[in-house]
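Participant: Okay, here's what each chain looks like letter by letter:
2 protein chains.
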Amino acid sequence: MTNKKLKIGLIGFGVVGEGIYQVLKNTPSLDAEIVKIGIKNSSKERNAPSELFTNDVQSIINNPNINVIVELIDDDIAAYQIVKQSLLNKKAVVSANKKMIAAHQKELIELQKENNVPLLYEAAVGGSLPIIRNLEEYYDNDLLQSFEGIINGSTNYILGKLQENNLSFSEALSLAQKLGFAESNPHIDVSGEDAVNKLGIILNHAFGIVIDTQQIVRHGITNIKKEDIAFAKEKNYKIKLIANAKIDENQRITASVLPTFIQSNEIFFNIDQENNGIALGSSFSDKQFFSGKGAGRYPTASAVLSDISALRYDYKYEYRKYNAKLENKLVNDCDVKVYVNFNNWQTIDKNCFTTIEETFESKTNKYLIGWLPSESINKESWIQDTSVSLIHFQNN
Amino acid sequence: MTNKKLKIGLIGFGVVGEGIYQVLKNTPSLDAEIVKIGIKNSSKERNAPSELFTNDVQSIINNPNINVIVELIDDDIAAYQIVKQSLLNKKAVVSANKKMIAAHQKELIELQKENNVPLLYEAAVGGSLPIIRNLEEYYDNDLLQSFEGIINGSTNYILGKLQENNLSFSEALSLAQKLGFAESNPHIDVSGEDAVNKLGIILNHAFGIVIDTQQIVRHGITNIKKEDIAFAKEKNYKIKLIANAKIDENQRITASVLPTFIQSNEIFFNIDQENNGIALGSSFSDKQFFSGKGAGRYPTASAVLSDISALRYDYKYEYRKYNAKLENKLVNDCDVKVYVNFNNWQTIDKNCFTTIEETFESKTNKYLIGWLPSESINKESWIQDTSVSLIHFQNN
Numbered sequence: 387m388t389n390k391k392l393k394i395g396l397i398g399f400g401v402v403g404e405g406i407y408q409v410l411k412n413t414p415s416l417d418a419e420i421v422k423i424g425i426k427n428s429s430k431e432r433n434a435p436s437e438l439f440t441n442d443v444q445s446i447i448n449n450p451n452i453n454v455i456v457e458l459i460d461d462d463i464a465a466y467q468i469v470k471q472s473l474l475n476k477k478a479v480v481s482a483n484k485k486m487i488a489a490h491q492k493e494l495i496e497l498q499k500e501n502n503v504p505l506l507y508e509a510a511v512g513g514s515l516p517i518i519r520n521l522e523e524y525y526d527n528d529l530l531q532s533f534e535g536i537i538n539g540s541t542n543y544i545l546g547k548l549q550e551n552n553l554s555f556s557e558a559l560s561l562a563q564k565l566g567f568a569e570s571n572p573h574i575d576v577s578g579e580d581a582v583n584k585l586g587i588i589l590n591h592a593f594g595i596v597i598d599t600q601q602i603v604r605h606g607i608t609n610i611k612k613e614d615i616a617f618a619k620e621k622n623y624k625i626k627l628i629a630n631a632k633i634d635e636n637q638r639i640t641a642s643v644l645p646t647f648i649q650s651n652e653i654f655f656n657i658d659q660e661n662n663g664i665a666l667g668s669s670f671s672d673k674q675f676f677s678g679k680g681a682g683r684y685p686t687a688s689a690v691l692s693d694i695s696a697l698r699y700d701y702k703y704e705y706r707k708y709n710a711k712l713e714n715k716l717v718n719d720c721d722v723k724v725y726v727n728f729n730n731w732q733t734i735d736k737n738c739f740t741t742i743e744e745t746f747e748s749k750t751n752k753y754l755i756g757w758l759p760s761e762s763i764n765k766e767s768w769i770q771d772t773s774v775s776l777i778h779f780q781n782n
Numbered sequence: 387m388t389n390k391k392l393k394i395g396l397i398g399f400g401v402v403g404e405g406i407y408q409v410l411k412n413t414p415s416l417d418a419e420i421v422k423i424g425i426k427n428s429s430k431e432r433n434a435p436s437e438l439f440t441n442d443v444q445s446i447i448n449n450p451n452i453n454v455i456v457e458l459i460d461d462d463i464a465a466y467q468i469v470k471q472s473l474l475n476k477k478a479v480v481s482a483n484k485k486m487i488a489a490h491q492k493e494l495i496e497l498q499k500e501n502n503v504p505l506l507y508e509a510a511v512g513g514s515l516p517i518i519r520n521l522e523e524y525y526d527n528d529l530l531q532s533f534e535g536i537i538n539g540s541t542n543y544i545l546g547k548l549q550e551n552n553l554s555f556s557e558a559l560s561l562a563q564k565l566g567f568a569e570s571n572p573h574i575d576v577s578g579e580d581a582v583n584k585l586g587i588i589l590n591h592a593f594g595i596v597i598d599t600q601q602i603v604r605h606g607i608t609n610i611k612k613e614d615i616a617f618a619k620e621k622n623y624k625i626k627l628i629a630n631a632k633i634d635e636n637q638r639i640t641a642s643v644l645p646t647f648i649q650s651n652e653i654f655f656n657i658d659q660e661n662n663g664i665a666l667g668s669s670f671s672d673k674q675f676f677s678g679k680g681a682g683r684y685p686t687a688s689a690v691l692s693d694i695s696a697l698r699y700d701y702k703y704e705y706r707k708y709n710a711k712l713e714n715k716l717v718n719d720c721d722v723k724v725y726v727n728f729n730n731w732q733t734i735d736k737n738c739f740t741t742i743e744e745t746f747e748s749k750t751n752k753y754l755i756g757w758l759p760s761e762s763i764n765k766e767s768w769i770q771d772t773s774v775s776l777i778h779f780q781n782n
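Sequence order for the protein chains is A and B.
First residue of the first sequence: 387, per our numbering; consecutive thereafter.
First residue of the second sequence: 387, per our numbering; consecutive thereafter.
Here chain A stands alone, though its shape is the one from the complex (with noise of 0.2 Å):
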């Protein structure tokens, strides 16, 4: 048992910074010491020694009395160039950055194995639930058959209001904003693009293929209205923005983030509030199911911490199904039952649908319920209304 004694440069000094800084001086048992803060803006105020501050990043990243770089900040781009640059100098890396992460996972791969450290990223996925972590070294033989989560805490409650407290999707969204669950660009949530991305991720740790995120079939929830709620409470229904994965017996994967009715009696119909949930299903254990908050400052905070904590250890991901080059593929060419709302029958190309199994109108509301081929949804050929909104149901 090693027990390293770690020097931390942080990059970032956000809400998850300041929490991480605040712990890290609270725990001496961690053994860990914070070096340097490296930040953008030196002219505010910070809760911390100024003398821990310096906006030249680059004097932390080639700083040889620091051994982890801990990066927890905002923009993707510049996170590349700091992980990749760290990993280079040999330095272990923590990162929460989901879509850095997603888009360069084979190259972090290398550079990790190149160099001999590690990166560690829990907090980019599942908020403070060890998903990566069980996916690497409890679910690694390969019994694992299936994924599904709710792993964008923002959306989850953006959607909670919409349908319990009946507020408009901007009043739910400035919420979640203040609450300080939203990304800072709120797109990238009610896209879907940031469970994309994390799934993205998952695939990788899960079922050892890496693919441009692009594949993955998604609709985010942006267009859900009224109607769509009102639809969803006479069935007893939830809508919840799901990530779904799925193998079958000959290693032909599917991968959706899409808006789904959940029925009462299914696992994630309480998963309510800014909570994340996470069922694993494999051939011998059936269902398995992880829930806890998704987004946060702390949730966040508790994830890097395990990260750092680990680092002491040397821990780091195997990437053993990926490693394995298994044949593993993803395909998407099943069809989706979904339900459809939209505005006006000609912006909807009703040949795309396998089949219609019902449609409705009435002067104020349009929808319909059909089979769609799961990779036409990327496509969108099959409307010309980009204000559509499209749930899927669950288990069809």
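Be aware that a few hints might be false.
Remember, identical chains collapse to one label, so a pair may be satisfied in a single copy or spanning two.
Here are the simulated DSS-like cross-link-like pairs (lysine-lysine), alpha carbons at most 30 Å apart as the crow flies [stated by the list, open to error]:
#1 702 with 499
#2 765 with 411
#3 711 with 391
#4 612 with 390
#5 393 with 711
#6 702 with 492
#7 492 with 612
#8 430 with 499
#9 619 with 715
#10 564 with 619
#11 391 with 715
#12 390 with 711
#13 749 with 499
#14 621 with 393
#15 702 with 393
#16 430 with 390
#17 430 with 711
#18 673 with 564
#19 492 with 711
#20 673 with 632
#21 715 with 673
#22 749 with 393
#23 411 with 632
Just so you know, these hints were derived from the structure itself, not from any lab.
Starting from the known structure of chain A, arrange chain B on it as the hints suggest.
Facilitator: Just chain B now, with coordinates in the frame of chain A:
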């Protein structure tokens, strides 16, 4: 990344043992071979080639061609001898025997250290849930504050049948046995002893203390009467057997296994059937919740398989909190609010209660609700009557 060829000596060929055999045969990627299978009764017909079987367990433990012992027998005394000698012979060991592990933790930790071989036992606690792995790997920093769980699938199943199907205790028990959820000696489940053993193991991985499990406050479900079920229904509670451990800021720990009233808005309310559910409280990430199948063939086999799989990479428990020799200590000096149902006022020593809040008496039913020093529950000085039922009020 090492990828060790595992040559397994499997001891025990009950439902779990046979499941493991089948899976390893059908999963060549695990690169694990079962070299020999030790059994007690060699006259029984088995679903595996007869040349694999032997009733000479010593020949397996001493076989130089075997590097892993998977021990899946029921008898905790024989299991202890097998595990101890296997570790002394420098073989890695996987076991699911919670009673044996709880009773010999200190020695087993020493044996692992001295012989530099791992002993893994994820299947001993929480069925298919990766709870030990998570406590070891993810909650290894000192932020964990509480553990609360339904960790005995058999009693959870029985309590469900009492409450939802109005079965008698003995009907529910025999159903649990028929479905393979109960221990071969069901007293171990219904007395709470099985959960106590598991909590003894949890206390080590969660808080770094190894205690005599006799110190854990406990009361079983054997005496739960139809009047108790009626009382719970009236208040919209469910009764669940809850294992609980928490630590305060002075490193004082309380630990109990008690039948507990669960309110309908509590997370454990919907953990039914043979499922297990575990909630971890930490200062940072609030409550995290895990649930999944807790008893039966496949959940146990799933956990055993994950341990076998981890041995390929020389995974071992680090016992970080235990090795850190923290000042944490079990005290159990708090008062707990309980409901007690009994036949005769004379059998209850009211002086043992700190406060009595309610007493009830009808021709057929007598109970009181009051506060009892938790340590007195084990002493049973407060009752002369062993048929008393006791149910804890959660969070009180």
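Participant: Which of the numbered hints above does this structure break?
Facilitator: 2, 4, 7, 8, 9, 13, 14, 16, 17, 22
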